[in-house]
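When you get a sec, could you build the whole thing from the sequences and use the hints?
Sequence lines, in order, name chains A and B.
If you count by the numbering used here, then the first sequence holds residues 1 to 165, one letter each, in order.
If you count by the numbering used here, then the second sequence holds residues 1 to 220, one letter each, in order.
I should point out that these hints are in silico values taken from the structure, not numbers from a laboratory.
Be a bit skeptical, because a hint or two may be false.
[Stated by the list, open to error] Footprint (simulated), chain A over chain B, 3 or more residues, beta carbon under 8 Å:
1. 51-61
2. 121-128
3. 157-163
[What the hints assert, rightly or not] For lysine-lysine, the following DSS-like pairs were computed, each having C-alpha atoms within a straight-line distance of at most 25 Å:
4. LYS195(B) / LYS29(A)
5. LYS135(A) / LYS161(B)
6. LYS67(A) / LYS161(B)
7. LYS124(A) / LYS83(A)
8. LYS54(B) / LYS145(B)
9. LYS171(B) / LYS62(A)
All residues carry an ideal CB built from backbone N, CA and C; glycine is no exception.
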Amino acid sequence: MTKRIGWLILVLALAARSATAKDVTPVFKTAEATHFTGAEGVELTPSFYDYFYAELRDELKKSKLVKDVVGEGEAVDDADAEKSVVISGTVSEYKKGSVVKSRLIGFGMRSLKMDADVTRRSDKQALCVIHVHVKVDPSWNEKTMAKFAAQEIARQMRKEFAQKK
Amino acid sequence: MRLTGKAALSFVLAGIACAWQAQGADEPKPKPENTVSVHLTEPVPPQKFANPPKFWIKEMADRSGNPQPMLVLHSRGGIFLDRQPTVIVREALEESLKSANLLAADADSADLVIRIYLFHFGLAEGSGLDFFGKVEFSAIVKNPKTGETAEVKASGTSIAKGAARKKNIQKNVQEDLEESLRDATRNFLRGQQLKDAVTLLSKGGEVAPVAPAKPEDKPH
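Spelled out as structure tokens, the structure:
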């Protein structure tokens with residue numbers, strides 16, 4: 001009986017997931033992801049920002065919220081500017097964490113906080129601000145945080161703009 | 001005592017020889033089965049210019065500082081490129097310019113001459129769960145008549161999923177590199193920086209001459 005319920009939940013979850021992915025139609029013509037910056041005191045390597053930029057673009061493509069994801073600094077047709085967004089942001093806090101604390105008492109996770117601003121390209125109007133807080137095991141590569149943060153931004157954007165539509 | 005000394009010397013020499021051989025065995029070598037051919041699947045259409053100039057790519061310089069630019073992946077027997085990265089990037093840019101009739105027939109007939117400094121071509125350090133392809137270069141666009149120059153930076157990235165089997169790794173890496181090459185070409189040809197450079201140089205505008213780019217000037 002328990003096994004049957006488990007299968008049912010799994011099937012429903014998969015069906016809901018596929019329905020969500022199919023339902024999303026592009027809201028914006030283009031989206032430009034920019035390299036995020038680090039606030040003072042944030043000690044992350046430049047390669048982290050490069051990787052995050054690539055991951056964010058990849059996640060935006062996957063989200064199907066945008067027709068075309070353009071690179072940083074690319075020109076967009078004036079006709080498309082009103083239906084285009086620019087995503088910029090700042091990493092406000094980064095804690096390296098501690099493997100010892102994590103193993104002994106379960107605290108000391110590696111954590112990252114960032115704020116992303118989604119602005120309309122034509123008039124620079126802020127459409128939404130996304131706050132992201134990612135926590136991972138301190139023994140994990142810092143780039144995995146970039147992956148999770150990018151996924152979270154794309155998820156929140158989908159939630160925000162798919163509803164507004 | 002003499003015999004012991006000779007034996008010790010022979011032992012040391014044998015050890016060095018073994019170590020040398022082991023090192024040689026670890027170093028991947030290019031073979032047809034571990035070599036990939038990276039090129040654009042189709043030319044990237046450049047942006048529209050008010051007065052379309054004719055470009056000519058005069059020079060390509062590798063400023064990556066990579067001693068083995070054709071070795072893309074070291075592990076699993078290695079993955080190599082079939083040509084130098086500079087040749088691949090040049091071909092991609094020339095094909096794309098040609099497709100929009102923006103490529104001059106020769107250097108003398110060109111309105112703008114481009115020198116390219118390649119800073120990165122290949123895989124960069126990622127999360128370990130996937131492949132992170134990156135192409136970065138900087139172009140010095142020059143108006144040969146006025147001698148004025150402007151710098152244009154471009155970069156392209158791509159994320160491809162990881163794989164366990166060698167055949168799939170090779171396929172994913174190749175796709176990743178092609179996607180990042182396409183992205184960098186597009187970033188250059190459709191970039192606001194190129195638009196501004198063309199506008200200013202076509203007018204013979206007041207663009208401050210820039211020194212040749214160095215690796216530390218790497219675009220971020």
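Each hint tested on the structure:
1. 51-61: violated (count 0)
2. 121-128: The restraint on the segment 121-128 of chain B holds, since 5 of its residues have a Cβ under 8 Å from chain A and three suffice.
3. 157-163: Three-residue rule met by the segment 157-163 of chain B, so holds; n is 3.
4. LYS195(B) / LYS29(A): holds (21 Å)
5. LYS135(A) / LYS161(B): Holds, because 23 Å separates the two Cα atoms, which is no more than 25 Å.
6. LYS67(A) / LYS161(B): Holds, because 22 Å separates the two Cα atoms, which is no more than 25 Å.
7. LYS124(A) / LYS83(A): With Cα atoms ~12 Å apart, LYS124(A) and LYS83(A) stay inside 25 Å; holds.
8. LYS54(B) / LYS145(B): The given pair, whose Cα atoms are some 13 Å apart, holds under the 25 Å limit.
9. LYS171(B) / LYS62(A): holds (20 Å)
The structure is inconsistent with hint 1 alone, although it conforms to all the rest.
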